[in-house]
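Peer 1: Sequence:
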Amino acid sequence: MKFQKLLLLFSGVLLVSSFNAYSQDSTKTFTFSGTIDTYYRTAFKTTNDYGSYGPSTSFADLKGFSLGMVNLIASYQGEKAGFVADVVFGPRGQAAVFGTASGQAIVNQLYAYYKFSDAITLNMGQFNTFLGYEVISPAVNFHYSTSYLFSWGPFNHTGLRADFDFGGGFVGKLAVMNPTDIVEFNPTNTYTLGAQIGKTGERGGIWLNFLYGDQDGTLEKTDPYLDENDDFVTSAGKLFQADVTGGWDLTENFYLGVNASYQSTAAGEAFTGPGTIVKSTSGSSSFSGIALYPKLSLSEHFALGLRAEYFAIKNYHLPIFGVDDNGDGNVMEFTLSGSYNIGGFTFIPEFRIDKTAQNSFSDKEGASKDLMPSLTMAAVYQF
Numbered sequence: 000m001k002f003q004k005l006l007l008l009f010s011g012v013l014l015v016s017s018f019n020a021y022s023q024d025s026t027k028t029f030t031f032s033g034t035i036d037t038y039y040r041t042a043f044k045t046t047n048d049y050g051s052y053g054p055s056t057s058f059a060d061l062k063g064f065s066l067g068m069v070n071l072i073a074s075y076q077g078e079k080a081g082f083v084a085d086v087v088f089g090p091r092g093q094a095a096v097f098g099t100a101s102g103q104a105i106v107n108q109l110y111a112y113y114k115f116s117d118a119i120t121l122n123m124g125q126f127n128t129f130l131g132y133e134v135i136s137p138a139v140n141f142h143y144s145t146s147y148l149f150s151w152g153p154f155n156h157t158g159l160r161a162d163f164d165f166g167g168g169f170v171g172k173l174a175v176m177n178p179t180d181i182v183e184f185n186p187t188n189t190y191t192l193g194a195q196i197g198k199t200g201e202r203g204g205i206w207l208n209f210l211y212g213d214q215d216g217t218l219e220k221t222d223p224y225l226d227e228n229d230d231f232v233t234s235a236g237k238l239f240q241a242d243v244t245g246g247w248d249l250t251e252n253f254y255l256g257v258n259a260s261y262q263s264t265a266a267g268e269a270f271t272g273p274g275t276i277v278k279s280t281s282g283s284s285s286f287s288g289i290a291l292y293p294k295l296s297l298s299e300h301f302a303l304g305l306r307a308e309y310f311a312i313k314n315y316h317l318p319i320f321g322v323d324d325n326g327d328g329n330v331m332e333f334t335l336s337g338s339y340n341i342g343g344f345t346f347i348p349e350f351r352i353d354k355t356a357q358n359s360f361s362d363k364e365g366a367s368k369d370l371m372p373s374l375t376m377a378a379v380y381q382f
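The opening position of the sequence shown corresponds to residue 0 in numbering that gives the first Met the number 0, with each subsequent residue numbered one higher.
Derived from the structure by calculation, the hints contain no laboratory data.
The structure presented is a predicted model; accordingly, all values stated were derived computationally and were not measured.
Incorrect hints may have been included.
In silico lysine-lysine, DSSO-like type, Cα no more than 30 angstroms apart, as pairs [unchecked claim]:
#1 Lys368 - Lys44
#2 Lys62 - Lys354
#3 Lys237 - Lys294
#4 Lys237 - Lys278
#5 Lys354 - Lys44
#6 Lys44 - Lys363
#7 Lys62 - Lys363
#8 Lys294 - Lys62
#9 Lys172 - Lys114
#10 Lys237 - Lys198
#11 Lys294 - Lys354
#12 Lys198 - Lys114
#13 Lys62 - Lys27
#14 Lys27 - Lys114
#15 Lys79 - Lys198
#16 Lys44 - Lys62
#17 Lys79 - Lys172
#18 Lys79 - Lys114
#19 Lys313 - Lys368
#20 Lys278 - Lys220
#21 Lys313 - Lys354
#22 Lys313 - Lys278
#23 Lys237 - Lys172
#24 Lys198 - Lys172
#25 Lys237 - Lys220
#26 Lys368 - Lys62
#27 Lys368 - Lys354
Each pair of labels, with its calculated beta carbon distance range [what the hints assert, rightly or not]:
#28 Ser361 - Thr199: 12 to 22 angstroms
#29 Asp222 - Asp248: 22 to 32 angstroms
#30 Phe346 - Gly272: 53 to 63 angstroms
#31 Leu109 - Ser279: 28 to 38 angstroms
#32 Gly337 - Lys278: 48 to 58 angstroms
#33 Thr199 - Asp323: 38 to 48 angstroms
#34 Ala378 - Met123: 31 to 41 angstroms
#35 Thr250 - Lys354: 26 to 36 angstroms
#36 Asp248 - Glu268: 44 to 54 angstroms
#37 Gly272 - Phe31: 49 to 59 angstroms
#38 Gly282 - Asp248: 38 to 48 angstroms
Note that beta-carbon positions come from the ideal geometry of N, C-alpha and C, so glycine has one too.
Full structure from sequences and hints, please.
Peer 2: Structural data, given as structure tokens:
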């Protein structure tokens, strides 16, 4: 009921704001674009005890010569309305769209939009997240592998999002969405709120983003109290995430990007018997981190870039690397990448080092290590 009132209020504000709406469409544009990517990767005979061959980050984590994805995007833009239909095929695409009930995992984005005015656009459907510095598409990121901050934040949302242009470079977003990465429908009956405020200028911009909501629903006394392993069913509390992203051209050839984020999940609830639900005693958990992205353009076709990241978890928030007895752990990763591009083709050689506070990796003899070096060479084509 609270959600229905919120949705009615949200829609009412947009309808009032549409008083100066555009006249009927007079221009129509249809575009078709996409990317393909493939890569080679080695970790110098080091394996991840908490994953597979690569660090505990998304994509670029398979062994040897590997496939990324095919990404095909069709879009229509009218004067007032349009749509985006974005599909993916391949390991990278499946990893990006993992929360599908049907198991198809091919729809990356699918939304329609309506421009009430130059200042307000309403989007409805599935869209990539507005949090974070990195994105799913390898053609947009400078580095081919991804950060911990990107990998363990949201990928996709399905819901209703309003984009605002306040003028003077100030922009914003407000959204009501399904729980993060639950994209085809909502089985939890809970919703997530999203917001953004940003300032853009000639040399770059900065954006402050927020998410808040229950991600796995709440327990009811009539629900099954045991899971498939005969353990008591539990439910996490509400998630909160604050994220700041920015990037600026400091000189004609030097660019600096930054991303910092904090995510916490409150203590939830658990069954202790049939029809008996109590508040969880495990307490809240969280992650936090920061990443810097300096990039130097050396010529028209070649640039060098570094990602320097620190990422920490508290109270067993994520099972992605070694932690101490309190469930706390952290990792530092440094990724040095080159980018050679000509036309639609980009070649990305990349050297990466992941260093964890606790042992998280193993060498070929099975000895525990806290360090994983990786080498990746990727080819991306954009059309």
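Peer 1: All hints, please: hold or fail.
Peer 2: Against the structure, the hints come out as follows:
no.: 1; hint: Lys368 - Lys44; result: 12 angstroms, holds
no.: 2; hint: Lys62 - Lys354; result: 20 angstroms, holds
no.: 3; hint: Lys237 - Lys294; result: 37 angstroms, violated
no.: 4; hint: Lys237 - Lys278; result: 13 angstroms, holds
no.: 5; hint: Lys354 - Lys44; result: 16 angstroms, holds
no.: 6; hint: Lys44 - Lys363; result: 6 angstroms, holds
no.: 7; hint: Lys62 - Lys363; result: 15 angstroms, holds
no.: 8; hint: Lys294 - Lys62; result: 27 angstroms, holds
no.: 9; hint: Lys172 - Lys114; result: 14 angstroms, holds
no.: 10; hint: Lys237 - Lys198; result: 29 angstroms, holds
no.: 11; hint: Lys294 - Lys354; result: 22 angstroms, holds
no.: 12; hint: Lys198 - Lys114; result: 21 angstroms, holds
no.: 13; hint: Lys62 - Lys27; result: 45 angstroms, violated
no.: 14; hint: Lys27 - Lys114; result: 14 angstroms, holds
no.: 15; hint: Lys79 - Lys198; result: 24 angstroms, holds
no.: 16; hint: Lys44 - Lys62; result: 10 angstroms, holds
no.: 17; hint: Lys79 - Lys172; result: 18 angstroms, holds
no.: 18; hint: Lys79 - Lys114; result: 5 angstroms, holds
no.: 19; hint: Lys313 - Lys368; result: 21 angstroms, holds
no.: 20; hint: Lys278 - Lys220; result: 13 angstroms, holds
no.: 21; hint: Lys313 - Lys354; result: 17 angstroms, holds
no.: 22; hint: Lys313 - Lys278; result: 20 angstroms, holds
no.: 23; hint: Lys237 - Lys172; result: 21 angstroms, holds
no.: 24; hint: Lys198 - Lys172; result: 12 angstroms, holds
no.: 25; hint: Lys237 - Lys220; result: 19 angstroms, holds
no.: 26; hint: Lys368 - Lys62; result: 19 angstroms, holds
no.: 27; hint: Lys368 - Lys354; result: 9 angstroms, holds
no.: 28; hint: Ser361 - Thr199: 12 to 22 angstroms; result: 45 angstroms, violated
no.: 29; hint: Asp222 - Asp248: 22 to 32 angstroms; result: 53 angstroms, violated
no.: 30; hint: Phe346 - Gly272: 53 to 63 angstroms; result: 60 angstroms, holds
no.: 31; hint: Leu109 - Ser279: 28 to 38 angstroms; result: 36 angstroms, holds
no.: 32; hint: Gly337 - Lys278: 48 to 58 angstroms; result: 52 angstroms, holds
no.: 33; hint: Thr199 - Asp323: 38 to 48 angstroms; result: 42 angstroms, holds
no.: 34; hint: Ala378 - Met123: 31 to 41 angstroms; result: 36 angstroms, holds
no.: 35; hint: Thr250 - Lys354: 26 to 36 angstroms; result: 31 angstroms, holds
no.: 36; hint: Asp248 - Glu268: 44 to 54 angstroms; result: 49 angstroms, holds
no.: 37; hint: Gly272 - Phe31: 49 to 59 angstroms; result: 57 angstroms, holds
no.: 38; hint: Gly282 - Asp248: 38 to 48 angstroms; result: 43 angstroms, holds
The earlier numbered hints that this structure contradicts are 3, 13, 28, 29.
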